[in-house]
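**Q** Model the full structure from these sequences, guided by the hints.
Protein chains: 2
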Amino acid sequence: MELDKRKLRILQAIIDDYIASAEPVGSRTIAKKYDMGISSATIRNEMADLEEMGYLEQPHTSAGRIPSDKGYRLYVDRLMKVKGLSIAEAKYIKDIYAKKTNQLEQVILQTSKLLSSLTNYTAVVLGPKMDRVLIKHIQLVPIDKRCALLILITNTGITKDAVISVPEGIDEDYLYRISNMLNHLFKDKSIEDIKLEPLLKIQRDMVQNRQFFNSLIDALTTSIDVSDPSEVYLGGATNILNYPEYHDIIKAKEFFDLLEQKEFLYKLLIRSESSGVSVTIGQENQYKELQEFSIVTATYNMGGKTIGTLSIIGPTRMEYSKAISVMDFMGKTLSNYLTQLFMD
Amino acid sequence: MELDKRKLRILQAIIDDYIASAEPVGSRTIAKKYDMGISSATIRNEMADLEEMGYLEQPHTSAGRIPSDKGYRLYVDRLMKVKGLSIAEAKYIKDIYAKKTNQLEQVILQTSKLLSSLTNYTAVVLGPKMDRVLIKHIQLVPIDKRCALLILITNTGITKDAVISVPEGIDEDYLYRISNMLNHLFKDKSIEDIKLEPLLKIQRDMVQNRQFFNSLIDALTTSIDVSDPSEVYLGGATNILNYPEYHDIIKAKEFFDLLEQKEFLYKLLIRSESSGVSVTIGQENQYKELQEFSIVTATYNMGGKTIGTLSIIGPTRMEYSKAISVMDFMGKTLSNYLTQLFMD
DNA sequence: GTTAGCACTCTCCCCTGTCGAGTGCTAATT
DNA sequence: AATTAGCACTCGACAGGGGAGAGTGCTAAC
Numbered sequence: 036m037e038l039d040k041r042k043l044r045i046l047q048a049i050i051d052d053y054i055a056s057a058e059p060v061g062s063r064t065i066a067k068k069y070d071m072g073i074s075s076a077t078i079r080n081e082m083a084d085l086e087e088m089g090y091l092e093q094p095h096t097s098a099g100r101i102p103s104d105k106g107y108r109l110y111v112d113r114l115m116k117v118k119g120l121s122i123a124e125a126k127y128i129k130d131i132y133a134k135k136t137n138q139l140e141q142v143i144l145q146t147s148k149l150l151s152s153l154t155n156y157t158a159v160v161l162g163p164k165m166d167r168v169l170i171k172h173i174q175l176v177p178i179d180k181r182c183a184l185l186i187l188i189t190n191t192g193i194t195k196d197a198v199i200s201v202p203e204g205i206d207e208d209y210l211y212r213i214s215n216m217l218n219h220l221f222k223d224k225s226i227e228d229i230k231l232e233p234l235l236k237i238q239r240d241m242v243q244n245r246q247f248f249n250s251l252i253d254a255l256t257t258s259i260d261v262s263d264p265s266e267v268y269l270g271g272a273t274n275i276l277n278y279p280e281y282h283d284i285i286k287a288k289e290f291f292d293l294l295e296q297k298e299f300l301y302k303l304l305i306r307s308e309s310s311g312v313s314v315t316i317g318q319e320n321q322y323k324e325l326q327e328f329s330i331v332t333a334t335y336n337m338g339g340k341t342i343g344t345l346s347i348i349g350p351t352r353m354e355y356s357k358a359i360s361v362m363d364f365m366g367k368t369l370s371n372y373l374t375q376l377f378m379d
Numbered sequence: 036m037e038l039d040k041r042k043l044r045i046l047q048a049i050i051d052d053y054i055a056s057a058e059p060v061g062s063r064t065i066a067k068k069y070d071m072g073i074s075s076a077t078i079r080n081e082m083a084d085l086e087e088m089g090y091l092e093q094p095h096t097s098a099g100r101i102p103s104d105k106g107y108r109l110y111v112d113r114l115m116k117v118k119g120l121s122i123a124e125a126k127y128i129k130d131i132y133a134k135k136t137n138q139l140e141q142v143i144l145q146t147s148k149l150l151s152s153l154t155n156y157t158a159v160v161l162g163p164k165m166d167r168v169l170i171k172h173i174q175l176v177p178i179d180k181r182c183a184l185l186i187l188i189t190n191t192g193i194t195k196d197a198v199i200s201v202p203e204g205i206d207e208d209y210l211y212r213i214s215n216m217l218n219h220l221f222k223d224k225s226i227e228d229i230k231l232e233p234l235l236k237i238q239r240d241m242v243q244n245r246q247f248f249n250s251l252i253d254a255l256t257t258s259i260d261v262s263d264p265s266e267v268y269l270g271g272a273t274n275i276l277n278y279p280e281y282h283d284i285i286k287a288k289e290f291f292d293l294l295e296q297k298e299f300l301y302k303l304l305i306r307s308e309s310s311g312v313s314v315t316i317g318q319e320n321q322y323k324e325l326q327e328f329s330i331v332t333a334t335y336n337m338g339g340k341t342i343g344t345l346s347i348i349g350p351t352r353m354e355y356s357k358a359i360s361v362m363d364f365m366g367k368t369l370s371n372y373l374t375q376l377f378m379d
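From first to last, the protein sequence lines stand for chains A and B. Read in order, the letters of the first sequence correspond to residues 36 to 379 in this note's numbering. Read in order, the letters of the second sequence correspond to residues 36 to 379 in this note's numbering.
Careful, some of the hints might be misleading.
No distinction is drawn between identical chains; accordingly, a pair holds when it is met within one copy or between any pair of copies.
[Claimed, not checked] Here are the computed lysine to any residue pairs in the SDA-like style, where the Cα-Cα straight-line distance is at most 20 Å:
1) 105 - 252
2) 135 - 256
3) 135 - 179
4) 224 - 179
5) 148 - 266
Think of the hints as simulated: they come from the structure by calculation, not from any bench. For clarity, every value in this text was computed on a predicted model and none was experimentally measured.
**A** Now the structure itself:
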């Protein structure tokens with residue numbers, strides 16, 4: 036069987052309608068609302084064909100049709116009319132980024148809020164990956180007699196810190212010297228370049244404060260751990276409750292429990308390397324837990340290097356057109372913003 | 036009418052039963068399950084009295100009784116048997132705090148997770164208040180030609196940071212000198228003691244880099260802003276979905292939307308100053324949005340000074356006994372932990 | 001003061017019938 | 001050969017009715 040123009044047009048109408056209404060779409064609806072110039076009977080025949088080809092499904096015998104994942108895929112790839120953002124929306128976004136905050140975390144958080152409010156889906160944003168980031172400063176600051184704070188500052192303005200305990204005999208001056216040494220070793224190096232060998236070497240010589248060095252190295256290694264799930268930012272988690280397909284408490288709870296697993300989200304999204312917007316529909320997702328959702332992902336970069344991921348999660352019955360426009364625009368806007376803010 | 040012993044005993048049985056079952060409790064249930072030595076008819080009479088006195092309510096004519104907020108209050112104040120934590124639970128908590136993390140944020144986050152998993156309610160934990168906290172270090176770290184990071188470190192190991200832009204003519208050395216000056220002015224001062232006057236004075240003299248000083252002062256003021264809602268940590272937000280009274284999507288959404296308003300939660304909880312555990316039941320809460328919930332709050336301290344708040348939010352049909360035990364124990368354990376970690 | 005007994009009330013659940021939306025098939029039309 | 005009108009059929013949603021069950025309040029007896 037062939038997918039001729041008319042079939043495509045009908046499929047498009049059905050999906051458009053279903054995305055808007057969440058109700059199975061009948062042949063008569065299509066004939067009336069989207070004047071095709073053919074009768075409902077003809078449309079019925081076409082719909083039967085489309086179902087046979089796997090683009091539509093029937094919840095039960097005498098209901099209308101709903102799109103299958105395969106149908107949505109065709110829709111996204113070939114049928115959907117991508118309407119860009121309205122001028123007002125674009126301006127709204129630009130305005131928000133225009134007032135510069137001076138905390139990167141705030142920017143990311145704001146991005147997730149913005150995404151969720153623009154799309155009405157749940158936004159998940161990954162903070163910038165550490166591995167392309169340079170270390171600008173390392174310092175040990177004494178906090179009290181037994182504790183010091185190790186701080187690590189990157190050129191993106193992110194700080195990492197860890198409390199380490201300090202043995203009795205160590206004074207402020209000693210810490211200061213170690214800070215200098217650390218800075219000397221690691222300043223302007225990228226995180227991947229940090230090798231612990233130089234430190235370990237020094238440690239071997241310093242029999243005296245071995246314990247202290249152990250905890251120092253410990254703190255440093257956990258600080259630079261690249262896969263830090265604390266860098267997962269959520270926006271509009273409850274948006275999913277607006278959609279009738281998740282009015283079932285059990286499904287809703289499953290979704291929320293998923294969102295609480297930051298490590299899972301991190302693993303899910305970190306892989307998207309390709310720049311541009313990508314769409315994963317329902318069962319295309321490798322994780323069973325997400326096969327009733329669609330995910331739209333974009334990346335953001337700094338000076339051309341991809342450093343993070345934006346995404347939204349919603350029902351497979353998603354407004355793909357709007358979603359893709361928003362993600363595309365936001366990815367670019369955020370990239371520009373970061374590039375301007377942190378690069379010369 | 037008088038609240039004699041028998042009435043109290045019946046009220047207690049009703050509330051115990053209702054907390055466990057979430058179903059209106061009938062006279063026959065009480066007579067059978069809690070052998071009182073009196074018949075259901077007598078209990079019926081007593082229940083009618085208790086309702087008249089305002090301790091019980093009837094959802095409709097021929098249903099059993101449910102406790103009113105006033106009933107719960109009496110229960111919490113006089114009837115409830117506080118069973119302390121089991122030895123296993125206490126050990127479980129102690130074990131978790133035994134492995135010291137070196138990041139305060141991790142400790143607070145862990146506390147919220149622990150609270151929610153122990154009680155099955157939603158935990159809200161406020162991070163340590165800044166106003167009793169001492170500044171240990173302030174520094175300006177250059178990030179690139181146009182940016183520097185202002186870091187502020189407290190004796191609790193919390194860092195605050197902000198990116199500020201740096202005008203062309205300023206070199207690393209100049210930043211270093213300013214860092215020294217800031218340290219000199221503010222080191223070992225509490226946040227409340229920070230007066231901007233000395234800075235402003237200097238600023239007046241330094242006509243040259245006025246713009247820079249402006250943004251520096253700006254960043255400093257926002258960093259030390261005491262009422263920072265980012266210090267609100269949630270645990271087990273979806274626990275509420277386990278309780279039948281919130282199987283209604285609309286109620287559930289209201290609750291989640293509430294939790295997203297971090298500022299609101301902050302305002303709600305920051306007031307609890309009294310040490311020990313306090314309970315707010317349903318309509319006792321001043322905020323309408325929370326009058327279908329009960330909140331159990333405890334405080335934690337460091338070296339005797341109250342610096343933060345733990346709380347759990349659940350249905351008014353809460354297991355008060357368990358909740359209060361857990362909150363009490365956790366408040367003390369966290370206080371001990373923090374005191375040991377950061378004080379001498 | 002307590003209790004057995006009884007009439008009454010109200011919810012829940014199941015069953016039933018009806019309505020409407022939608023289908024698939026067939027036969028007639030273009 | 002494609003399209004369409006017509007029709008029988010299917011299924012879910014919804015409303016109404018009736019019985020079961022849980023619980024109450026009242027009264028009269030203990």
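**Q** Run every hint past the structure and note whether it holds.
**A** Going down the list of hints, with the structure as the test:
Taking the closest pair of Cα atoms, residue 105 and residue 252 never come within 20 Å of each other, the shortest separation being 51 Å inside a single copy and 57 Å across copies. When the C-alpha separation of residue 135 and residue 256 is checked against a cutoff of 20 Å, the pair qualifies only between copies, where the shortest distance is 16 Å, while the shortest distance within a copy is 32 Å. Within a single copy, residue 135 and residue 179 get their C-alpha atoms only as close as 35 Å, which misses the 20 Å cut-off; across copies the closest is 17 Å, which meets it. Only between protomers do residue 224 and residue 179 lie at most 20 Å apart by alpha-carbon distance; the minimum there is 14 Å, versus 30 Å within a single protomer.
Taking the shortest alpha-carbon separations for residue 148 and residue 266, both the intra-copy value of 15 Å and the inter-copy value of 18 Å come in at or below 20 Å.
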